[in-house]
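Heads up: the protein sequence lines correspond to chains A and B, in order.
Residue numbering for the first sequence follows the numbering used here, beginning at 19 and increasing consecutively.
Residue numbering for the second sequence follows the numbering used here, beginning at 205 and increasing consecutively.
Be aware that one or more of the hints could be misleading.
A few chain B positions that, by computed beta-carbon distances, are all more than 12 Å from chain A [unchecked claim]: (1) Glu-282; (2) Arg-285; (3) Thr-291; (4) Arg-310; (5) Leu-386; (6) Lys-454; (7) Arg-456; (8) Pro-468.
Partial chain B-side listing against chain A, Cβ under 8 Å, derived [as the list claims (entries may be wrong)]: (9) Glu-458; (10) Phe-462; (11) Pro-484; (12) Pro-503.
If you're looking for bench data, these hints aren't it; they were derived computationally from the structure.
Cβ coordinates follow ideal geometry from the N, Cα and C atoms, glycine included.
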Amino acid sequence: MMDLKLWGCALLFPLQIFLCVLRAAVRFLLPPRRKDLGTDVVLVTGGGRGIGRHLAKEFAKQGAKKVILWGRTEKCLKETCEEISAAGTECHYFVCDVGNREEVYQQAKVVREKVGDVTILVNNAAVVHGKSLMNSDDDALLKTQHVNTLGQFWTTKAFLPRMLELCHGHVVCINSILSLSSIPGAIDYCTSKASAYAFMESLTLGLLDCPGVDCTTILPFHTDTEMFQGMRVRFPQLFPPLNPEMVAQRTVDAVRTNTAFVVLPWTMHFIVALKSLLPQSALEEIHKFAGSYTCMNTFKGRT
Amino acid sequence: MNIAAELLVVSFKVICSFVLAGAKWLVKPREKRVAGQVCVVTGAGSGLGRLFATEFARRRATLVLWDINREANEETAELVRDIYRETEPRRGSGDGVEDVPFYQPRVYTYVCDVSKRESVYSTAEKVRQEVGNVTFLINNAGVVSGHHLLECPDELIERTMMVNCHAHFWTTKAFLPKMLDLNHGHIVTVASSLGLFTTAGVEDYCASKFGAIGFHESLSHELKAANKDGIKMTLVCPFLVDTGMFQGCKIRKEIAPFFPPLKPEYCVEQAMRAILTNQPMVCTPRAMYVVNFMKTILPFDAIVCMYRFLGADKCMYPFLAHRKESTNNNESKI
Ligand SMILES: NC(=O)c1ccc[n+]([C@@H]2O[C@H](COP(=O)([O-])OP(=O)(O)OC[C@H]3O[C@@H](n4cnc5c(N)ncnc54)[C@H](OP(=O)(O)O)[C@@H]3O)[C@@H](O)[C@H]2O)c1
Numbered sequence: 019m020m021d022l023k024l025w026g027c028a029l030l031f032p033l034q035i036f037l038c039v040l041r042a043a044v045r046f047l048l049p050p051r052r053k054d055l056g057t058d059v060v061l062v063t064g065g066g067r068g069i070g071r072h073l074a075k076e077f078a079k080q081g082a083k084k085v086i087l088w089g090r091t092e093k094c095l096k097e098t099c100e101e102i103s104a105a106g107t108e109c110h111y112f113v114c115d116v117g118n119r120e121e122v123y124q125q126a127k128v129v130r131e132k133v134g135d136v137t138i139l140v141n142n143a144a145v146v147h148g149k150s151l152m153n154s155d156d157d158a159l160l161k162t163q164h165v166n167t168l169g170q171f172w173t174t175k176a177f178l179p180r181m182l183e184l185c186h187g188h189v190v191c192i193n194s195i196l197s198l199s200s201i202p203g204a205i206d207y208c209t210s211k212a213s214a215y216a217f218m219e220s221l222t223l224g225l226l227d228c229p230g231v232d233c234t235t236i237l238p239f240h241t242d243t244e245m246f247q248g249m250r251v252r253f254p255q256l257f258p259p260l261n262p263e264m265v266a267q268r269t270v271d272a273v274r275t276n277t278a279f280v281v282l283p284w285t286m287h288f289i290v291a292l293k294s295l296l297p298q299s300a301l302e303e304i305h306k307f308a309g310s311y312t313c314m315n316t317f318k319g320r321t
Numbered sequence: 205m206n207i208a209a210e211l212l213v214v215s216f217k218v219i220c221s222f223v224l225a226g227a228k229w230l231v232k233p234r235e236k237r238v239a240g241q242v243c244v245v246t247g248a249g250s251g252l253g254r255l256f257a258t259e260f261a262r263r264r265a266t267l268v269l270w271d272i273n274r275e276a277n278e279e280t281a282e283l284v285r286d287i288y289r290e291t292e293p294r295r296g297s298g299d300g301v302e303d304v305p306f307y308q309p310r311v312y313t314y315v316c317d318v319s320k321r322e323s324v325y326s327t328a329e330k331v332r333q334e335v336g337n338v339t340f341l342i343n344n345a346g347v348v349s350g351h352h353l354l355e356c357p358d359e360l361i362e363r364t365m366m367v368n369c370h371a372h373f374w375t376t377k378a379f380l381p382k383m384l385d386l387n388h389g390h391i392v393t394v395a396s397s398l399g400l401f402t403t404a405g406v407e408d409y410c411a412s413k414f415g416a417i418g419f420h421e422s423l424s425h426e427l428k429a430a431n432k433d434g435i436k437m438t439l440v441c442p443f444l445v446d447t448g449m450f451q452g453c454k455i456r457k458e459i460a461p462f463f464p465p466l467k468p469e470y471c472v473e474q475a476m477r478a479i480l481t482n483q484p485m486v487c488t489p490r491a492m493y494v495v496n497f498m499k500t501i502l503p504f505d506a507i508v509c510m511y512r513f514l515g516a517d518k519c520m521y522p523f524l525a526h527r528k529e530s531t532n533n534n535e536s537k538i
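Pulled out of the complex, with its shape left as it was, chain A reads as follows:
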């Protein structure tokens, strides 16, 4: 009896996989239904500038009820906040360093009291130090870890319980393609983003049977913000830097269509697949050819 069931499952399994692939393909061609953001309160960490700023504006544009910005620099938070308010969406900002656990919990409380329950949490804040291991300062290595990885643990722990109670919520993470395919010269960033990726994947699997609460992870390639300023890819015609507005649009769309993982641009899928297939020495040759061994030499970053 047990055996029969297993065989049944085993026979059905390839079919199931095939259906999933088919469904993904169909979704790619025919856009699925999009959820309405009208009741959602969105919190964007690092919402003052860069991709975060575009994300906040895009969420507001696509009908979110309220938008909350977190960040460390009050000036750009305020600017973004004013811009969003002027366009007619309620917007608040709070100064909060996500790398600081106590501060996250405290500001989360403030947000709950002053604005209400957050239903879409966008973990976007990140820093990059951009040096090789031996040139990295210990504190800088740790700081990247605290902001990029642990920060997401704290924000999620602060807001997820309420989402589960309401059976309504979405955890979004702006990760990076470097989490799946690392390059030299940004060891702090690659480590922290790989961790953050695992966190999101595990969380996504865990939340599969919590109706109403979903996860989205975005893995963009080099984006045209100040974060990776100076980084130079070898074939910019082939892999041009992404436009932050586009990343924001695709993110909001992925949230509305409930897509779990989005790789931008989709050609990056090849690199990830190659990595799991090629012998290490072949991979190294390809990296060398593609210029990823030298792209960080000119890196300046946020100064």
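Put chain B with the ligand on the given structure of chain A with help from the hints.
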């Protein structure tokens, strides 16, 4: 150089590396000698760390054992000494081992909490003074908190990250400079298959292991970019190992016989072979390579289907429940 020509050369090299990998697979390359080399093993007091220590001892390497638990570490040292005695070549005997100079390896033990940066640096300094240059660094120490994310105390999350991931920064930074000078060394990262794919309920553990692998990969590219070919790196990704770390973890009952928990001895044996033949990565069992590849080509829904079929998506839940029960019992006892 012309791009087209360069592309041609790269394609050729890629094909070559495939051929080479195939050849290595058919004809096992010779294992490198480690006798007399200094080998640091973190978390040597138990489980895989202890087995790594004994395997290196069998090959007569000088061992430097690090653990937070002094007693357990001393036990390992005792085991290592026994092995040294057993494997001692008979002096002056005529069995053709004369060309190997006689060398009496020693074992050193240090109490060190690898999650503490200062502790790592000061212990490493002691090692440099008391033992000498380190050739092998086995980053093996690891912990698991065993709570669901929302119930897990923050300190435990931090601890998991610090021991399983951040510790690699400090140990590597402590020993790498000398390796770079000599262009000679070998760094081994003991991660887990949970560093290649995740499962529900152990966010912190998966995050730390993925981080360790991200670190490993970035570092190995860094060494390659700097042309430090003498420093090798090996990534060890075992599936669930029978060391009691994940007691209770279960995949689907009917599938389980195909993926039995690994015997730690087997896992270390495979890892040692990979290390001694400078293989960049080893997954045990081999089926993990396939799962890893499938994961990169399938859409997420299909991956979820696959996990559900294997019963792998919630395989940690019984472990977490078991953990909870045992801690509750302990608390009630106190
Ligand atoms: N740019 C790229 O090429 C690229 C590529 C792939 C992925 N990404 C990802 O996209 C996300 C946004 O990047 P970006 O290009 O917009 O970078 P960015 O321009 O440097 O913006 C980062 C944002 O995070 C905030 N932030 C940094 N540390 C923080 C902290 N400790 N607490 C709170 N907020 C903090 C910053 O605000 P304050 O400084 O005011 O705090 C800023 O608003 C990041 O997660 C990044 O990893 C970027």
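So, going through the hints one by one against the coordinates:
1. Glu-282: Correct as stated: the minimum Cβ-Cβ distance to chain A is 35 Å, above 12 Å.
2. Arg-285: holds (35 Å)
3. Thr-291: holds (32 Å)
4. Arg-310: holds (29 Å)
5. Leu-386: Answer for Leu-386 (chain B): holds, closest chain A Cβ roughly 14 Å.
6. Lys-454: The claim holds: Lys-454 (chain B) sits with its nearest Cβ about 16 Å from chain A, beyond 12 Å.
7. Arg-456: For Arg-456 (chain B), whose nearest Cβ neighbour in chain A is about 9 Å away, the distance does not exceed 12 Å, so it is violated.
8. Pro-468: Pro-468 (chain B) is indeed farther than 12 Å from all Cβ atoms of chain A, at 24 Å.
9. Glu-458: holds (4 Å)
10. Phe-462: violated (11 Å)
11. Pro-484: holds (4 Å)
12. Pro-503: holds (4 Å)
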